[in-house]
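Take the sequences, apply the hints, and build the full model.
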Amino acid sequence: MSESLHVTRNGHVLEIVLDRPKANAIDAKTSYAMGEVFMMFRDDPELRVAIITGAGERFFSAGWDLKAAAEGEAPDADFGPGGFAGLTELFDLDKPVIAAVNGYAFGGGFELALAADMIVCADNASFALPEAKLGIVPDSGGMLRLPKVMPQAIVNEMMMTGRRMDAEEALRWGVVNRVVPVEQLMESARELAAQIALSAPLAVAALKEVCRTTAEMTVEEGYRFTRSGALKHYPAVLHSEDALEGPAAFAEKRDPVWKGK
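Residues are numbered in this note's numbering as their position in the sequence shown, beginning at 1, plus a constant of 5.
Read the hints as simulated data drawn from the structure, not as lab findings.
For clarity, every value in this text was computed on a predicted model and none was experimentally measured.
Result set (DSS-like, lysine-lysine): computed pairs, CA atoms no more than 27 Å apart in a straight line: (1) Lys72 - Lys138; (2) Lys237 - Lys264; (3) Lys138 - Lys27; (4) Lys213 - Lys153; (5) Lys213 - Lys264; (6) Lys237 - Lys213; (7) Lys34 - Lys72; (8) Lys153 - Lys237.
Laid out in structure tokens, this is it:
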């Protein structure tokens, strides 16, 4: 495990803290380590939700380590499994990830947050994609994911000028789920993770799988594809033990005991 990462298991929740002073920037070595952690999360049946955050209260992550870049690390270097930061290209992860953004999320740090399924941010958070001002582009998902949640004209402005977006603007555009005081950030992220962990894990996996694979389809096309048998989790959840357990627990007025099968 990299000394730049602090990984903690709390029941069904995995917490990952990126700790690389001063700005939690990510080089290839750190990215590799993050990819290994996210793959471990993906493959561990006991883990249901992950939270990714940065150490301190000033930086979630400043993105790609420009010191490493100045020393010769190329923009298209091999950043390991899952792409940059271990998550931006981990397309087969059908478990939810919450980004708890504490402070600045710039460049690849913003791209890491966008690769998560939900974002809880502190009221001091700030987001930016300043790559064009450095002679590069946000190709770790920023220029692909951000237009899916914000109007293209605003995205163009942000990417072409590098301007910052504060927490309230991010909430207004629907980029983040919650804005909370910085001292309540992890409490809020953990609360959200706990709520998700109460849901049937196979059902959550099916939800993420269907949303991911049908995102570019019409509703009619999505229906046909979902019912085609091509998916892994959706057909499984229909005939799962959990699909019987949920109604039984409701009828018996007790908490369900999910088996994930």
